[in-house]
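Construct all of the structure, not just a fragment, from the sequences and the given hints.
For the record, the sequence lines run as chains F, Z and W. The numbering of the first sequence is the numbering used here, which starts it at 1 and goes up by one. The numbering of the second sequence is the numbering used here, which starts it at 1 and goes up by one. The numbering of the third sequence is the numbering used here, which starts it at 1 and goes up by one.
Since the hints were derived computationally from the structure, they do not count as laboratory data. This structure is a prediction, so every number in the text was calculated from the model and none was measured. Just to be clear, a hint being listed does not mean it is correct.
For identical chains, the list gives no copy identity; a pair is met inside one copy or between any two copies.
[As the list claims (entries may be wrong)] Under the rule of at most 20 Å between Cα atoms (straight-line distance), these lysine to aspartate or glutamate pairs were calculated in the DMTMM-like manner: (1) Lys75 - Asp39; (2) Lys121 - Asp109; (3) Lys130 - Glu112; (4) Lys62 - Glu45.
What follows is each chain in one-letter form.
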Amino acid sequence: MSNIFFKNQGPFKISTLLKLLEVKINEIKKDFDIFDIKDLASSTENDITFFHSKKYKNFANKTKASFCLTTETLKSELPKSCLAIVVDNVLVSTSKITSLFYPDSVNDDFDETVTSIINSKFKDKVIFGKNVLIGENVSIGVNCKIGHNSILEKNVVIEDNCSIGSNNIIRNSFIKNNVKILDNCVIGKHGFGFFPNKKNNLRYPHIGIVIIEENCEIGCGSTIDRGSMSNTVIGKNTFLDNQIHIAHNVKIGQNSIIAGQVGIAGSSIIGENVRIGGQAGISGHLRIGNNVEIGGGSGVIRDIPDNTKVMGYPAKNIREFLRENK
Amino acid sequence: MSNIFFKNQGPFKISTLLKLLEVKINEIKKDFDIFDIKDLASSTENDITFFHSKKYKNFANKTKASFCLTTETLKSELPKSCLAIVVDNVLVSTSKITSLFYPDSVNDDFDETVTSIINSKFKDKVIFGKNVLIGENVSIGVNCKIGHNSILEKNVVIEDNCSIGSNNIIRNSFIKNNVKILDNCVIGKHGFGFFPNKKNNLRYPHIGIVIIEENCEIGCGSTIDRGSMSNTVIGKNTFLDNQIHIAHNVKIGQNSIIAGQVGIAGSSIIGENVRIGGQAGISGHLRIGNNVEIGGGSGVIRDIPDNTKVMGYPAKNIREFLRENK
Amino acid sequence: MSNIFFKNQGPFKISTLLKLLEVKINEIKKDFDIFDIKDLASSTENDITFFHSKKYKNFANKTKASFCLTTETLKSELPKSCLAIVVDNVLVSTSKITSLFYPDSVNDDFDETVTSIINSKFKDKVIFGKNVLIGENVSIGVNCKIGHNSILEKNVVIEDNCSIGSNNIIRNSFIKNNVKILDNCVIGKHGFGFFPNKKNNLRYPHIGIVIIEENCEIGCGSTIDRGSMSNTVIGKNTFLDNQIHIAHNVKIGQNSIIAGQVGIAGSSIIGENVRIGGQAGISGHLRIGNNVEIGGGSGVIRDIPDNTKVMGYPAKNIREFLRENK
Chain F
1 MSNIFFKNQG PFKISTLLKL LEVKINEIKK DFDIFDIKDL ASSTENDITF
51 FHSKKYKNFA NKTKASFCLT TETLKSELPK SCLAIVVDNV LVSTSKITSL
101 FYPDSVNDDF DETVTSIINS KFKDKVIFGK NVLIGENVSI GVNCKIGHNS
151 ILEKNVVIED NCSIGSNNII RNSFIKNNVK ILDNCVIGKH GFGFFPNKKN
201 NLRYPHIGIV IIEENCEIGC GSTIDRGSMS NTVIGKNTFL DNQIHIAHNV
251 KIGQNSIIAG QVGIAGSSII GENVRIGGQA GISGHLRIGN NVEIGGGSGV
301 IRDIPDNTKV MGYPAKNIRE FLRENK
Chain Z
1 MSNIFFKNQG PFKISTLLKL LEVKINEIKK DFDIFDIKDL ASSTENDITF
51 FHSKKYKNFA NKTKASFCLT TETLKSELPK SCLAIVVDNV LVSTSKITSL
101 FYPDSVNDDF DETVTSIINS KFKDKVIFGK NVLIGENVSI GVNCKIGHNS
151 ILEKNVVIED NCSIGSNNII RNSFIKNNVK ILDNCVIGKH GFGFFPNKKN
201 NLRYPHIGIV IIEENCEIGC GSTIDRGSMS NTVIGKNTFL DNQIHIAHNV
251 KIGQNSIIAG QVGIAGSSII GENVRIGGQA GISGHLRIGN NVEIGGGSGV
301 IRDIPDNTKV MGYPAKNIRE FLRENK
Chain W
1 MSNIFFKNQG PFKISTLLKL LEVKINEIKK DFDIFDIKDL ASSTENDITF
51 FHSKKYKNFA NKTKASFCLT TETLKSELPK SCLAIVVDNV LVSTSKITSL
101 FYPDSVNDDF DETVTSIINS KFKDKVIFGK NVLIGENVSI GVNCKIGHNS
151 ILEKNVVIED NCSIGSNNII RNSFIKNNVK ILDNCVIGKH GFGFFPNKKN
201 NLRYPHIGIV IIEENCEIGC GSTIDRGSMS NTVIGKNTFL DNQIHIAHNV
251 KIGQNSIIAG QVGIAGSSII GENVRIGGQA GISGHLRIGN NVEIGGGSGV
301 IRDIPDNTKV MGYPAKNIRE FLRENK
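Below, the structure written as structure tokens:
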């Protein structure tokens, strides 16, 4: 979870973390410094990790983390070097610890740090409209344009030759060369991820960012949420039409074409050279292969292999769909 | 129709109302004052009411109103204390009278009364961004934030601890404690309600408001229309994702979760603890029970009882949907 | 292609055009002036035209153009007066030539020419909000209102009695009398039209405009793209609800009613007095007749004759749909 935008507020003492979780563990004799919270595979001995599903057993066996948030059932999978911290709800506890290390990643209130671009270092470098606002930790390359009323909130990198239209709000995003973003988009806000809870849902942190690769175009009124634990990525030369919603952690390959009002739910992975017709929807956590064509209005609820054309709700092979609907 | 936001311009003489409707009634000997237009059940003897469908016969029998807009066929259902005013189109006539009493409820032009928050009483109380505008009859509680370019047009109550993002436009709305509204939303505009008419559709008044209860979150680019004769209500701790459209008079229960690009048509009532997947649509005037789950992409065209999972277009029991679509 | 908004930069020498296309043609002895690029039917002897599909054979036979971009296979259809310029990809070449004649029609970067309405000739004529911006070549009729943060970019005509809400961005559009545009709309940007190309898609010019006829209403958060070679037209007294997307070249007849979140793909022609339910989608290049009703959520993938009610995905006769889905 090394992160270019969200500042790690650690290290914290393990005793601090346990107090936050309202957990007592007698085996802990020394009050270690914990430097970060990472997933099972990327943790080092200075980190705490989390293990909430059997699916990740093979990563759990080999984790290098010294501490792991987990359940009574799963804890036997951890190596001896990793002490299990048994909690009622692993994801809620992970959320609490991540919020401690990265407090900025939970709060998506408007950015109070912005100032007018006229008072910024970009005033002679960028072609800009009226009422453009720039937050902290923003960089902008050469030959860029930023339209009226657009707000680059904190943590934005814009490379060279980019055209940002008017009324856009961007934060926690990395926008590469030659990207065009039209108007009225919101890019980099947290995703729709939280733990449902009677009376008061609990938001979990989103420490991922949005990456828009070279030569992309993003249509008017689109929303692209940043990732929770990984990034949301739009591949090179992929074009999005108007009013599209891309949820957190989604990754779209290069040279893809996505028509108006499409929605892609969280954590789905879309291949290269994929074409998606207007108003199609793709459920979360799916894998859509390369060179796939998805007909307009389709509802995709299963993975789709490479080189396939589908249509329908639920989406099926397009020949079958057309035969059944002559 | 007592109303916290729309000012009643009455009373009006009954002769004024009849002239407006181009109706003559010889039975009226005295020129009464009429104080309000209300529905059959809540009218008093000082009010005018309307009766346009047999469905409301039981209310019509007992109305206390002294006058009632109705048809030749229906008028016999009214009590003797209530004089029928027979018109060609009851709803059009109701619309005309309501517009007279509540002229502000028809006109949704931009609010010319706003001033910069810097010149308002809120300047030391609220944390606010650049270019924030505040209309007449706005109140804001403690510990609130209002982002850049957001406009609180006339008739808005915001309670405590609310976070309003940037580029929002809000009017005729009551926003309770701890609500978050992200960016680019339009809340409280009139609904898509009018009488179709060749050459020039006739808008009817919207004297309802939008009520967003405690702890709700409203995603980016969403639109929530105010009600026509009743309010549009989002229940406590209900979370809406991005690009959602909630039409006029819709009521959503507490603890519900509604994913991106969902649309709910006018006057539908959604229960508590309901989950609606992305891009699902719900037709108007339906009742969706408590603890209902609606799969992404579904098109709901019938009522759904409590504790039911549905999917498909038209939506059916989810087991049936999945069995038919293996 | 005479055009009220996009200025023709011609004439150009035929030698200039051939150089741009990297084509050599020995038959051309004299370096003619070419005044415009037009379609087969409307070209004159001073113009260049294009012919890319057998469908247009009957127009090709009779074209008056002196030069025609076409293929080896098709060139024999041209009259002797028209010299074939054989190219690899007719549409890409047409795009290149059109971009030369109409360079403004490719570039949809934000409009740098705008100034505050306070400094414009409209300041005493129009009722306007805060931060309203006006570009070059804009005209506004009497009794109009323009809301906060709205931007009339270059090439906009607004006739009389129009109400434009807040946060709108409009360019290349002709808005007739008594039109209401609510908030957060983007009207007149180029459509989602380009030649897919590995690494770098090639945008083609959009020299059409958006025409919104008298008495229309456009809901919040809608996008209406301008046409590529023809105009996008919303007919008289047609009402659009919120979050609607109208793609390039679409034409909608008068007195139609289109509910929230509907999407209409490029070049489809919708008749008069058509009603479209919420979230319905209409594929590109279709013809929808007069007096058609399309149920909410429908996906229309075929033409629909006059006086028909359809529903479903794909949309079929509504009786059939309801019988199959009892």
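List of violated hint numbers, smallest to largest: Those not satisfied come down to hint 2.
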